[in-house]
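Visitor: My request is simple: use the sequences and hints to build the entire structure.
2 protein chains.
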Amino acid sequence: MIDVMVAGIGQTPVGEHWDISLHTLATKAILQAGRDAGGLKPDAMYIGNYLASVVSHQSNLGALLAEHAGLTGIEAYTIEAADASGAAAFRNGYMAVASGYVDTAVVVGVEKYTDLVGPKSDSTLAQATDYDYEAVPGLTPAAQAGMLMQRYLYDYGIEKEVLAGFPILAHANAVHNPNAMYHKPITAEAYRKSPMVCSPLNTLDMAPYADGAAAVVLTRRDLLCGEDCGPTIKISGSSVVIDTLALHDRHDMLAFRAAGISLDRACRKAGILPGEVDFLELSDNFSIYAVLALESGGFANRGEGWKLALDGDLNLNGRMPVCTMGGLKGRGHPIGASGVYQIVEAVQQLRGQAGRNQIPNPKRALVQSLGGPASTAITHVLERID
Amino acid sequence: MIDVMVAGIGQTPVGEHWDISLHTLATKAILQAGRDAGGLKPDAMYIGNYLASVVSHQSNLGALLAEHAGLTGIEAYTIEAADASGAAAFRNGYMAVASGYVDTAVVVGVEKYTDLVGPKSDSTLAQATDYDYEAVPGLTPAAQAGMLMQRYLYDYGIEKEVLAGFPILAHANAVHNPNAMYHKPITAEAYRKSPMVCSPLNTLDMAPYADGAAAVVLTRRDLLCGEDCGPTIKISGSSVVIDTLALHDRHDMLAFRAAGISLDRACRKAGILPGEVDFLELSDNFSIYAVLALESGGFANRGEGWKLALDGDLNLNGRMPVCTMGGLKGRGHPIGASGVYQIVEAVQQLRGQAGRNQIPNPKRALVQSLGGPASTAITHVLERID
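As you go down the protein sequences, you meet chains A and B in turn. By our numbering, the letter at position 269 of the first sequence is numbered 847, and the numbering carries on one by one without gaps. By our numbering, the letter at position 28 of the second sequence is numbered 606, and the numbering carries on one by one without gaps.
A portion of the hints provided could be inaccurate.
What follows is a list of derived Cβ distance ranges for each label pair [said to hold, decoys possible]:
| hint | chain 1 | residue 1 | chain 2 | residue 2 | range |
| --- | --- | --- | --- | --- | --- |
| 1 | B | G651 | A | M579 | 18 to 24 Å |
| 2 | B | G651 | A | Q931 | 56 to 62 Å |
| 3 | A | P715 | B | T781 | 38 to 44 Å |
| 4 | A | K885 | B | D581 | 35 to 41 Å |
| 5 | A | M579 | B | R897 | 39 to 45 Å |
Subject to a maximum C-alpha distance of 35 Å in a straight line, what follows is the list of computed DSBU-like cross-link-like pairs (lysine-lysine) [what the hints assert, rightly or not]:
| hint | chain 1 | residue 1 | chain 2 | residue 2 |
| --- | --- | --- | --- | --- |
| 6 | B | K885 | A | K812 |
| 7 | B | K771 | A | K812 |
| 8 | A | K738 | A | K762 |
| 9 | B | K738 | B | K771 |
| 10 | A | K619 | B | K847 |
| 11 | B | K698 | B | K619 |
| 12 | B | K812 | A | K619 |
| 13 | A | K812 | A | K771 |
| 14 | A | K885 | A | K847 |
| 15 | A | K847 | B | K771 |
| 16 | B | K762 | B | K738 |
| 17 | B | K812 | B | K762 |
| 18 | B | K619 | A | K812 |
| 19 | B | K812 | B | K847 |
| 20 | A | K812 | A | K847 |
| 21 | B | K847 | B | K885 |
| 22 | A | K847 | A | K941 |
| 23 | A | K812 | A | K619 |
| 24 | A | K738 | A | K698 |
| 25 | B | K812 | B | K738 |
| 26 | B | K698 | A | K698 |
| 27 | A | K812 | A | K941 |
| 28 | A | K847 | B | K619 |
| 29 | A | K847 | B | K941 |
| 30 | B | K619 | B | K885 |
| 31 | B | K762 | B | K698 |
| 32 | A | K771 | A | K619 |
The hints are simulated quantities; they were obtained by calculation from the structure and are not laboratory data. Glycine included, C-beta positions come from ideal geometry on N, C-alpha and C.
Guide: Below you can see the structure in the form of C-alpha cells.
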C-alpha cells in the first residue's frame with residue numbers, strides 16, 4: 579500500500595449561494611485546492627454529493643465537474659452516503675491513491691441545498707432515513723434526532739439545557755472562521771429560548787442545512803510539491819462502518835455502534851489510541867449526535883458525554899478540542915460537502931493555518947462523519963509528519 | 579497491487595418489478611452472488627444506482643442494503659455515473675480489493691425505474707445530460723441520441739435502415755436469456771415500422787428503461803472457494819474516462835473519444851490488444867451508441883461501424899460477438915444496474931454458463947459501459963485463467 583498525503587485544500591464560504599450554480603461552486607473549491615497543491619494535476623475526481631439529482635436535477639456530476647474544472651480525460655464519479663457523502667468520497671480517493679491505480683485524486687464535496695424550499699425540503703431530507711418504515715410515517719432526520727434526545731434525557735434523568743454546551747462551543751469557534759455561515763456567539767439563554775423543532779430538540783440543536791463546496795487533493799509522497807506547500811499531512815487511518823438504517827432495528831439506539839467501531843478501526847490502522855489525537859472534528863449536525871459520538875468513541879462514559887462540553891474540555895484550549903472551526907452547527911452543514919469541510923479544517927489546524935482558531939502545534943487529528951444517526955460512520959486519522 | 583477475481587455472480591430478471599421494493603430486489607441479487615461465491619462474506623459493498631433518490635425517495639442505500647442483506651458492520655456506499663453507475667461501482671470494488679484495504683467486496687447494481695410514470699420520467703432521465711444547457715431547453719437522452727444519429731446518417735450519406743442490425747442482433751440474443759425482458763426476435767420490417775421517438779431515432783433504436791438488480795462478489799485469489807466454484811475469472815484491466823457532459827462542447831461529437839481512450843487504457847493494463855478479446859459487452863442503449871463505440875474502439879473505420887451488424891460479424895458465431903445475452907436493448911436497461919448485468923453476463927460466458935447463448939470456449943471479455951453519450955466511459959477486461 580502506498581502512503582497517501584494531502585497535497586492541497588480548498589473551500590468556499592458556507593451559506594446560501596443562490597447566485598451561483600452547483601458546478602461553479604464546486605469548481606471554485608477544486609481550483610483552489612489545485613493551486614494549493616502547487617498545480618498538481620489530478621487523474622481522478624471523486625465527488626461527494628447528496629442532493630444534486632433532487633435539488634438541481636443534475637446527475638453524472640463526474641462528467642459535469644471534470645469538464646468545468648478543465649479536467650476531461652480523467653476518471654470521475656459521484657459517491658453518496660447521506661450526510662457522510664463527502665467523507666465517503668474522501669475514503670474513496672484515499673483507497674484509489676493507496677492502490678496505485680491513481681497517482682493524484684481530487685476529492686470534492688459539493689451541495690446546493692437552499693434552492694429547495696417549503697415542505698419538499700423536509701421530505702427530501704427524509705431520504706436519508708428508511709423511506710418505507712421511517713419517512714413515510716413522517717420521520718425526518720430532525721424528528722429522529724429529537725427521539726434520540728428524548729430517550730437520552732429520560733434514560734439518564736437530565737434536563738435538556740445541559741446539551742447547550744455543544745451549540746455554544748460550535749458558534750464560539752465559528753466566529754473567526756471566515757468560511758463559516760455564522761459569526762455570532764450564542765448564549766445559554768438563547769438556547770433556552772430557541773424555538774422548538776421536534777421536542778425536545780430546538781433550533782439551536784440543529785446544524786443549518788446550507789450550500790458549499792470543499793476540496794482536497796491527495797497524492798503519493800514523491801509527487802508532493804515540496805516544502806513550499808507547507809507541512810506534510812498523511813492519512814494514517816481510514817474506516818467506513820455501517821449500522822442499520824432504521825433506528826427501530828437497533829438493540830440500543832443510544833449506542834451509535836458504527837461510530838465507535840469505525841473510530842476504533844481507523845485508530846488501529848493508524849497505530850494509535852483515540853486519546854492520542856490532538857483534536858476531533860465530529861458530526862454535530864444535532865447536539866445529541868455529538869454527545870453520542872463522544873460516548874461511542876470512549877471519550878466519555880455512557881450518559882456522561884454532555885459533561886465534556888460544560889467542563890471546557892472541548893474548547894480550543896481544552897484537553898480535547900472538537901469542531902475547531904465551528905463544526906456543522908457553526909460553520910453550517912452543506913450536507914454532502916460537510917465531510918470534506920471537516921477534512922479541510924483538520925488540515926488547516928495541522929498546518930498551522932487556522933488563524934485565530936489555531937490550537938497549539940497539533941500533530942494528529944481524528945475526523946468523523948456520520949450519515950444519518952450513525953447509519954454510516956466514516957473516520958479518518960490525519961497526521962503531520964515533518 | 580493484488581489480483582482481483584470474480585468469486586460469485588447473481589441477477590434478477592429484468593422487467594417491471596412493481597411488486598417488490600428496491601431493497602428486496604437488490605438483496606435477491608446480493609444473496610444469489612454470495613451463494614455463488616460459496617458463502618464468502620464481504621467486508622464492503624459498493625452500490626451502483628442512478629435514480630433511487632428521485633424514484634424511491636431513498637438515499638443512503640449503503641446502510642439500507644447492508645442491513646437487508648444481513649451485512650451491518652461492513653463498509654458500504656453508493657456510486658453514481660448515470661447509465662454507467664453499475665460499472666463505476668464495479669471499478670470501485672476492483673480498486674478496493676486491489677488496494678488490500680478490502681478482502682472481499684460485493685458490487686451490486688440496482689434500479690427501480692418503472693414506478694416513475696408520465697412526463698416526470700423524461701425530465702428525470704434528462705438529469706444525465708447537462709441540466710442548464712441541455713435538459714432545460716428540452717433535450718432528453720433519446721433526443722440527444724436522435725441528434726447523433728441524424729448527424730451520422732448525414733455525414734456518411736446512409737439510410738437509417740442500416741442500423742436495424744443492432745436491435746435485431748440484441749433481440750435475437752435475448753430470446754434464450756431467462757433474465758432478459760424480451761424473448762421475441764424482431765425483423766427489419768418491424769424496425770422500419772417502429773414508431774418514431776426523436777427523428778430519426780425510433781422505438782426499436784432505444785433500450786427499454788427497466789427494473790433489475792445484479793451483483794458480483796470480488797476477492798483475492800487465495801480467498802476463492804476452489805474448483806467447486808467453477809473457472810477462475812480475473813479482472814485484468816479497468817479504466818474510467820470522462821468526456822464533456824454537454825455534446826456541444828465537443829469538437830467532434832461522433833468521436834466518442836472517452837469510449838476509445840477508456841478501452842485503450844483497459845487493454846493496455848491487461849497487456850492485450852482490443853482484437854485479442856473473444857467477445858464484447860457494449861452499451862447499446864441506443865443503436866447509434868453501439869455503432870460509435872465500435873468505431874471509437876477501432877473495431878471499424880469511422881462511418882463503417884454499422885456494417886459489422888449486417889455482415890454477421892457480431893453474432894454469437896461471428897468474428898467478434900457483442901451483447902451476447904441480449905445487450906441493453908434485448909435484456910432491458912435497468913439504468914444504474916446495467917453495468918453490473920454486463921459484467922455478470924461476461925462471467926457467464928467465460929465460465930461456460932451462458933446456456934444456448936454460449937460462445938465456444940471464450941477466454942477473454944471486454945465490457946464497456948457508457949454514462950450519457952460516452953460522457954463517462956468505463957471499460958473492463960475479464961479473463962478466464964485455468
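Visitor: Given the proposed pairing of B:K812 with B:K847, does the C-alpha separation stay at or below 35 Å?
Guide: Answer holds: B:K812 to B:K847 is near 13 Å, not above 35 Å.
Visitor: Within a Cα-Cα threshold of 35 Å, do A:K847 and B:K771 meet the stated pairing?
Guide: Given that 35 Å is the threshold and the Cα spacing comes to 63 Å, the pair is violated.
Visitor: What's the verdict on A:K885 and A:K847, does the C-alpha distance respect the 35 Å limit or exceed it?
Guide: Holds, at about 29 Å.
Visitor: Quick one, are A:K771 and A:K619 close enough, alpha carbons at most 35 Å?
Guide: Violated. A:K771 to A:K619 sits at ~50 Å, over the 35 Å cutoff.
Visitor: Holds or violated: B:K762 and B:K738, Cα atoms, limit 35 Å.
Guide: Holds, at about 22 Å.
Visitor: Regarding the pair B:K771 and A:K812, is the alpha-carbon distance no greater than 35 Å?
Guide: violated (63 Å)
Visitor: For A:K847 and B:K941, compute the direct alpha-carbon distance and say whether it is at most 35 Å.
Guide: violated (39 Å)
Visitor: Starting from B:K885, check that the Cα of A:K812 is at most 35 Å away, please.
Guide: Status violated; Cα separation ~54 Å.
Visitor: Please verify whether B:K847 and B:K885 have alpha carbons no more than 35 Å apart.
Guide: Between B:K847 and B:K885 the Cα gap is close to 29 Å, so the pair holds against 35 Å.
Visitor: Taking 39 to 45 Å as the hint, is the beta-carbon distance of A:M579 and B:R897 inside that range?
Guide: holds (42 Å)
Visitor: Under the criterion that the straight-line Cα-Cα distance not exceed 35 Å, is the pair B:K738, B:K771 satisfied?
Guide: Holds, because 12 Å separates the two Cα atoms, which is no more than 35 Å.
Visitor: Does the alpha-carbon distance linking B:K812 and B:K738 stay inside the 35 Å limit?
Guide: Judged against 35 Å, a Cα distance of about 39 Å means the pair is violated.
The structure shown violates the earlier hints numbered 2, 4, 6, 7, 11, 13, 15, 25, 29, 30 and 32.
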